[in-house]
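Participant: Given next are the chains, with one letter for each unit.
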Amino acid sequence: MINIIVITHGEFGAYLIEASENIVGAQNSGLKNVSISPRLSLEKINSLIAAAAAEMASEDGVIFLIDMPGGTPMNVALPIARDIPKSAVICGININMVTSAFAYRKTLDFDALVGKIMADGKKAICEVKSLLIGS
Amino acid sequence: MPITLYRIDDRLVHGQVVEAWLPHLKAGEIAVVSDDLSRDSVRQVIMRFAAPEGVSLKILTMAEAPGYLSEAEVRGPNVLVLLPGLSEAVELIKGGVKISKLNVGGMHYSAGKNLSIGRAIFLNDADCDALRFLSDSGVLIEGRGVPSDSPLDLIEAITG
Chain A
0 MINIIVITHG
10 EFGAYLIEAS
20 ENIVGAQNSG
30 LKNVSISPRL
40 SLEKINSLIA
50 AAAAEMASED
60 GVIFLIDMPG
70 GTPMNVALPI
80 ARDIPKSAVI
90 CGININMVTS
100 AFAYRKTLDF
110 DALVGKIMAD
120 GKKAICEVKS
130 LLIGS
Chain B
0 MPITLYRIDD
10 RLVHGQVVEA
20 WLPHLKAGEI
30 AVVSDDLSRD
40 SVRQVIMRFA
50 APEGVSLKIL
60 TMAEAPGYLS
70 EAEVRGPNVL
80 VLLPGLSEAV
90 ELIKGGVKIS
100 KLNVGGMHYS
110 AGKNLSIGRA
120 IFLNDADCDA
130 LRFLSDSGVL
140 IEGRGVPSDS
150 PLDLIEAITG
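Line by line, the protein sequences are chains A and B.
Counting from 0, one number per residue, gives the positions in the first sequence under numbering that gives the first Met the number 0.
Counting from 0, one number per residue, gives the positions in the second sequence under numbering that gives the first Met the number 0.
Just to be clear, a hint being listed does not mean it is correct.
Stated by the list, open to error - Covered stretches of chain B (chain A as the covering partner; in silico rule of three or more C-beta atoms under 8 Å from a C-beta of chain A): (1) 12-26; (2) 40-51.
To be verified - If you only want the chain A side, here are some residues facing chain B, beta carbon under 7 Å, derived: (3) Ile22; (4) Val23; (5) Gly24; (6) Thr98; (7) Ala102; (8) Leu131.
The hints are simulated quantities; they were obtained by calculation from the structure and are not laboratory data.
Computed from a predicted model, the values in this text were never measured in an experiment.
For every residue, glycine included, the Cβ atom is placed at its ideal position computed from N, Cα and C.
Between the sequences and the hints, there should be enough to build the whole structure, so can you do that?
Facilitator: Printed below as a string of structure tokens:
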């Protein structure tokens with residue numbers, strides 16, 4: 000199974016996980032959340048993410064789901080992910096990306112899952128009033 | 000056996016169905032049996048949007064359902080049948096449709112539904128009567144939101 004590490008500013012990721020589990024079912028293993036608080040030092044954040052990466056090591060791969068490109072979660076996770084051969088760091092996390100990750104991580108292979116998370120995340124951004132009902 | 004599941008879900012096509020049940024059942028079609036939805040064109044557009052690419056959505060009136068579902072049993076692809084409430088399941092049984100297993104996933108709270116089971120099942124007296132009728136008709140009934148949840152025995156819950 001492909002493991003997932005969610006890293007966000009504040010408790011955003013924790014609540015996103017809770018909401019996604021309500022949709023696709025509880026994830027009993029292979030999932031770790033790291034909430035970045037402004038009260039944490041950069042060293043502490045680094046050690047939390049390194050510990051999560053060590054715990055989530057998987058032959059099938061590990062995917063970091065992160066909120067902002069260029070934010071602290073990405074900046075700290077990227078150097079750690081660089082040393083994990085089968086890993087990806089995907090920014091712009093939204094609920095469709097998390098539900099896709101949870102629903103397909105047991106059945107898709109690593110590259111296919113990365114592609115699906117990206118595609119579903121992008122597809123979720125849409126103005127549905129003009130799209131479905133017309134202007 | 001192309002009809003893989005009958006599910007009661009008052010939200011019809013939504014996240015739990017699309018993200019959890021469709022991949023689990025490997026279903027290629029969703030059939031919704033609902034006279035209300037058949038009359039509501041805006042909601043039909045929303046339901047079609049919610050169904051993922053590669054999965055077709057059939058919206059049936061109660062009158063159309065028995066004929067369509069009996070044909071669906073003997074052809075591909077796998078079909079997930081969604082019903083908005085227990086009364087639709089009762090009507091299908093009375094219309095001669097064979098339902099061996101019924102999943103009760105979402106019956107959200109409204110006034111008078113005072114018996115709650117799990118997180119998303121709220122029943123009134125008519126619902127309990129419908130469940131007993133279905134069970135007596137040989138339908139195996141489970142309460143379960145998503146595939147990885149533990150199934151709840153609804154008949155035991157309304158009897159106990």
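Participant: Decide, hint by hint, whether the structure agrees.
Facilitator: For each hint, the structure was consulted:
no.: 1; hint: 12-26; in the structure: holds (count 5)
no.: 2; hint: 40-51; in the structure: holds (count 4)
no.: 3; hint: Ile22; in the structure: holds, 4 Å
no.: 4; hint: Val23; in the structure: holds, 4 Å
no.: 5; hint: Gly24; in the structure: holds, 3 Å
no.: 6; hint: Thr98; in the structure: holds, 4 Å
no.: 7; hint: Ala102; in the structure: holds, 5 Å
no.: 8; hint: Leu131; in the structure: holds, 5 Å
In summary, this structure violates none of the numbered hints.
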